[in-house]
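Participant: In case you want the letters, here they are:
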Amino acid sequence: MKVTELPGDEDSGPTCRTYVFQNESHTLGNALKCIINRYEDVDFCAYTVPHPAENKMHFRIQTKKTPALEILKRGFQDLEKVCEHTIDLFEKEVKEFNKM
Amino acid sequence: MPLKDEKPRLFLEEFSVKKAPNDYGMSDGKWNFKKFTKKFRIVIVRMDNFEMEFDLIGIQPAFANAFRRLMLSEVPSMAIEKVMIRNNTSIIQDEVLAHRLGLIPLKADPRLFEYRQEDATGGTEFDTIEFTMKVKCTVNKSQPKDSYRAEDLYENHSVYSSQMKWQPMGNQASIHKEADIGPVHGDILVSKMRPGHELDLSLVAVKGIGKDHAKFSPVATASYRLLPEVTLTREVRGGDATLLQSCFAPGVIGIDSEGRAYVRDARYDTCSRNVYKYDEIRDAIILSRVRDHFIFNVESVGALQPNVIFVEAVKILRDKCKSFLDELNKFN
Numbered sequence: 001m002k003v004t005e006l007p008g009d010e011d012s013g014p015t016c017r018t019y020v021f022q023n024e025s026h027t028l029g030n031a032l033k034c035i036i037n038r039y040e041d042v043d044f045c046a047y048t049v050p051h052p053a054e055n056k057m058h059f060r061i062q063t064k065k066t067p068a069l070e071i072l073k074r075g076f077q078d079l080e081k082v083c084e085h086t087i088d089l090f091e092k093e094v095k096e097f098n099k100m
Numbered sequence: 001m002p003l004k005d006e007k008p009r010l011f012l013e014e015f016s017v018k019k020a021p022n023d024y025g026m027s028d029g030k031w032n033f034k035k036f037t038k039k040f041r042i043v044i045v046r047m048d049n050f051e052m053e054f055d056l057i058g059i060q061p062a063f064a065n066a067f068r069r070l071m072l073s074e075v076p077s078m079a080i081e082k083v084m085i086r087n088n089t090s091i092i093q094d095e096v097l098a099h100r101l102g103l104i105p106l107k108a109d110p111r112l113f114e115y116r117q118e119d120a121t122g123g124t125e126f127d128t129i130e131f132t133m134k135v136k137c138t139v140n141k142s143q144p145k146d147s148y149r150a151e152d153l154y155e156n157h158s159v160y161s162s163q164m165k166w167q168p169m170g171n172q173a174s175i176h177k178e179a180d181i182g183p184v185h186g187d188i189l190v191s192k193m194r195p196g197h198e199l200d201l202s203l204v205a206v207k208g209i210g211k212d213h214a215k216f217s218p219v220a221t222a223s224y225r226l227l228p229e230v231t232l233t234r235e236v237r238g239g240d241a242t243l244l245q246s247c248f249a250p251g252v253i254g255i256d257s258e259g260r261a262y263v264r265d266a267r268y269d270t271c272s273r274n275v276y277k278y279d280e281i282r283d284a285i286i287l288s289r290v291r292d293h294f295i296f297n298v299e300s301v302g303a304l305q306p307n308v309i310f311v312e313a314v315k316i317l318r319d320k321c322k323s324f325l326d327e328l329n330k331f332n
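Quick mapping for you: the protein sequence lines, in order, are chains Y and X.
The letter at position 19 of the first sequence is residue 19 when you use UniProt numbering, and the numbering goes up by one with no holes.
The letter at position 260 of the second sequence is residue 260 when you use UniProt numbering, and the numbering goes up by one with no holes.
Please keep in mind that the hints were generated in silico from the structure rather than gathered at the bench.
Treat the hints with care, as some may be off.
[Said to hold, decoys possible] Using 30 Å as the maximum straight-line C-alpha spacing, the simulated DSBU-like pairs for lysine-lysine come out as follows:
{"hint": "1", "chain 1": "Y", "residue 1": "K81", "chain 2": "Y", "residue 2": "K2"}
{"hint": "2", "chain 1": "Y", "residue 1": "K99", "chain 2": "X", "residue 2": "K177"}
{"hint": "3", "chain 1": "X", "residue 1": "K211", "chain 2": "Y", "residue 2": "K81"}
{"hint": "4", "chain 1": "X", "residue 1": "K330", "chain 2": "X", "residue 2": "K211"}
{"hint": "5", "chain 1": "X", "residue 1": "K39", "chain 2": "Y", "residue 2": "K99"}
Note that this is a predicted model, so its numbers are computed, not measured.
All chains, full assembly: derive it from the sequences and hints.
Facilitator: Here you go:
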């Protein structure tokens, strides 16, 4: 399992969740946080690497109405789109550069 | 001193760094993919097989940093991981020798290989490259008289990376060319020997990532900095102009035919704050950096071209998103 849910949010409804990502760190955490934090419905979003010797990243989402899981999925979709766009643009520019 | 355009800036003052008064941080606005694509630009400044410089303009620092971190520690490359030592009578210890060999950059394209399974006992032709290195130092029989130079006295007194020999496994010889597999540089000194010393090694190279060991990192450096900007607020001429010029990196400040100073190109400025030492010119200049203009410098170790390394890095992030999405879709 690469993603798990941290226990403790059972009573707070679907809008508050902490997800635990195995073998991930600031690379993914910060990029994802940067997107999700700017969504309309999000109250709070942050990540932490609780201990430098453990390869884990905790990702916390609190929203007003939308389920946290949905927000997280949307975050991944948007990050994927950003990557896709960066690859396309970069390869186009490399092609242009090589033509010169 | 507000500058007119929309660029977010960091002002370098004498003892502090300040944002513009109306700048609330780039992560403040709502996320909008269309807006992002509209603002985002890439400019390639310099590129060859080993080094490249490019600009990412209008991007979040979080993304720029993610790309940099990915290039350093998650883009794979091939490196020697195991060294079987049949004979080592040289003065360099087995473990030191093995470590040195591990750091030799290999030309093999990591995209054509797979990761070795964690529980695998031996390698296959798809995840392993094998080399042998068999060198023996001897006395040079045809040495010239009266010479004391090691090159004249001995054969093989220096062992170089070019002396490792590829041993194709299975079908490898038909898939890869020998010139595309071996060490990037043939003149890396591995060990020094004297007559009677001998090395008999077999080297096993596998695919790995920089997170595991720095030898697997495909880049020598991958870094970014923000675009520096120098703005003149009043006319500076004569001796003051020369003084101003000497406060910056060469080429940043020019002096025209009438002895007036002007900003020629601030891109390669070191952003030192030398100007603030001189009372006569310190008020004539605004030092700043553009906060969403990242100048990337990527130096490849030699296996992949720097532009390929960057694309691979972004692809890794994309694939991560995909696999996490798949997993999250299985959640209740």
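Participant: Compare the structure with the hints numbered earlier in the document and write down the numbers of the violated ones, lowest to highest.
Facilitator: none
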